[in-house]
Amino acid sequence: MPSTDELWLGVLQQIADRTAHEMRGALNGVMVNLEVVRARAASTAAPAAAVGSFADTAARQLDLVMEMAEALLALTRAARESDGVAVTLLRVAALLAPVARSEGGSLGVVGAGPDVGNVPLAAPASIIRLVLGAALLSAVQGRAEVLCRVQEADGTLVRIEHMGGATVQPQIAPDILAAAADADVRVRVLEQDISLEFPRVRATRQRTPIA
Amino acid sequence: MKHSGAKILIADDEKAITTGLGAILGDEGYPIEIADDGQKALDRLASDRFGVVLADLKMPKLDGLSLLRELQQREIPTECIIITGQATVDSAVQAMQQGAYDYIEKPLNAEKLNRLKALIPKALEKFQVQQKNRELTSRLEGLTHYGELTGQSEVMRNVYQIIDAVAPSSASVLILGESGTGKELVARAMHVKSERAKGPFFALNCAALPKEILENELFGHERGAFTGSTNEKPGAFEMASGGTLFLDEVAEMAPDIQVKLLRALESRMVRRLGGKKEIQVDIRVVAATNKDLQKAIADGELREDLYYRLAVVEIYLPPLRERFDDMQLLANEFLTRYAEQNGKQITGFADDAWDWVMSYHWPGNVRELKNAVERAVIMARGEKIGVNDLMLRHLRGAAEPSTPLTLSVGNTTVADARRHLVLRTFASTGGDVARTAKLAGLSVSEVQHEMMLLLNGGGTAAAGAAADRDPRAVRKADAGAPSRAAAKGKPAKKR
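Top line first, the protein sequences correspond to chains A and B.
All residue numbers for the first sequence refer to numbering that gives the first Met the number 0, where the first residue is 0 and numbers rise by one.
All residue numbers for the second sequence refer to numbering that gives the first Met the number 0, where the first residue is 0 and numbers rise by one.
Calculated from the structure, these hints are not laboratory results.
Restraint ranges, calculated between C-beta atoms of paired labels, are given here:
(1) B:113 / A:199: 54 to 62 Å
(2) A:16 / B:47: 35 to 43 Å
(3) B:89 / A:61: 23 to 31 Å
(4) A:166 / B:97: 24 to 32 Å
Here are a few chain B residues that sit away from chain A, every Cβ distance over 12 Å (derived from the structure):
(5) 121
(6) 237
(7) 362
(8) 443
Every residue, glycine too, gets a C-beta built ideally from N, C-alpha and C.
With the hints as extra help, turn the sequences into a complete structure.
Rendered as structure tokens:
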């Protein structure tokens, strides 16, 4: 059976593949709009208003590229235990949300505020990242409108819901499901929704179902 | 070239790119439109004309390659430049093979954008050259038909050009050509192409009417102008006012009517028979004749001054034998028309039929070809018209020498004799009512009337009597087959 890192590399590769076009698109947006600014700035006749909107667009595109690049770099590094479910989820979503938009769908995250993730979880950070990445990768397909809800109770629950547009049932590789099960992460795929339960760490290692 | 008005469509789902590219190319002077997915781009390209489309390879709904394929399939004219990421160069090459003008790889840095700016004028130039070719091709294709005229030969294209040039003017036109070449169709085409198209087109055959009636038809009469004229009647000049008056066989007109016609043409005023007041007319006269006008003038049949008044512009319509290039086109067109009208599944002419069509001299011109094909379509039993369907029946009457018509004095009435003559002439022309009428010196409706009488039994005895005396008469009568269809001007059914 492949190691967790090997499985993660496979997932990350797929995320990067799907994200590459969007990153290039944003970079092109930066360059093209900067070219407008440059060309118009060189013309003495061009008023400031004629370049302002293009400078803004270039800046927004640069922000997007930076956000995606930051997320990609963070996910490429070794997983840190301090990275909770919410942080990891937001990083994956930062990469896959532009993909969903370009395919005519959407990807949103609710409940992943700064106060989420303080509860220590039983599963290691590498497994959390692996499961979240694989689940979101399979959920963002075609024109699917995906909403991720993060809830914290006796652990952390992530519900990946399809609000519309989905045509295929998400599928997570058996190796990943097995790795998740070994780490006490419960993964359930019900029709087009996915539920991920990350139980909190317990001294007795006794499992308590999340309400 | 870039300011020639040809628009550019940018098809990309990345708004930041489309607005930026739009601004860059807009600053270069190009009219720009943006479509944010492939389907919208296709819709715009189908409904409007764009010289160049810049299409991202990866787009929602319809990607760049599919868009290109649709453009090819629907034959939408535009030059497509594909914008692609580095990872999809293979697809870009595929796009080139599918007819894309070029492709630009992302990232769209200053160098790539400069390359794009250099590519666009070239792509637009190619588009415009091809556009001109398309228009020329379309125009040439269109020249196979002009109004109701059919023909793609050099001589007919010259005729079309003259009509095009002359139609908008008010000049009188004289159309010269043998019978059956389509002189009236030329006159109609000229009318339709002129500013008088909304006005009436009034055609009058000057040879078909006796002098008095022709004068009455041309100028009209007041009430009581002559015995029996209980109502006033406007003439052709008045009825065609605001439009075109077509005078066919104009050289057949009696000399004193020629004088009145000349006066009407010069003054644009007419006076009805029995009338006192002059009526102003706004008219364009198109005349036609199949006569040798120089001889007619020399013989005093046509006034020279009328000739010059009518022939401000002359159009010569060539006989069909000089339109070798049009024979197939015309024959096929008539075949399609009559097969459809008669509900027949005929796909074309057999080779031997073509050989004959192309070698026959067609003295009756297009009209003769039309009649021959109509008859052949009705006679044909196979999917193709053979030479026997076409030639034998068509030429049977014409090929055989005229035969004497024997009538026995004492038991033949004038009506019987007339009927015999019509029947025999009808048979000899192979069932051509118009030609029968001409040869027998009758009107078409008179011939049709006689044939209907025969059908209703009025001629049976006479035909039988003729058969007793001359067996050939029966054979010819049978061949002529005076069916109801024939009596209505259509050829008889095959026996």
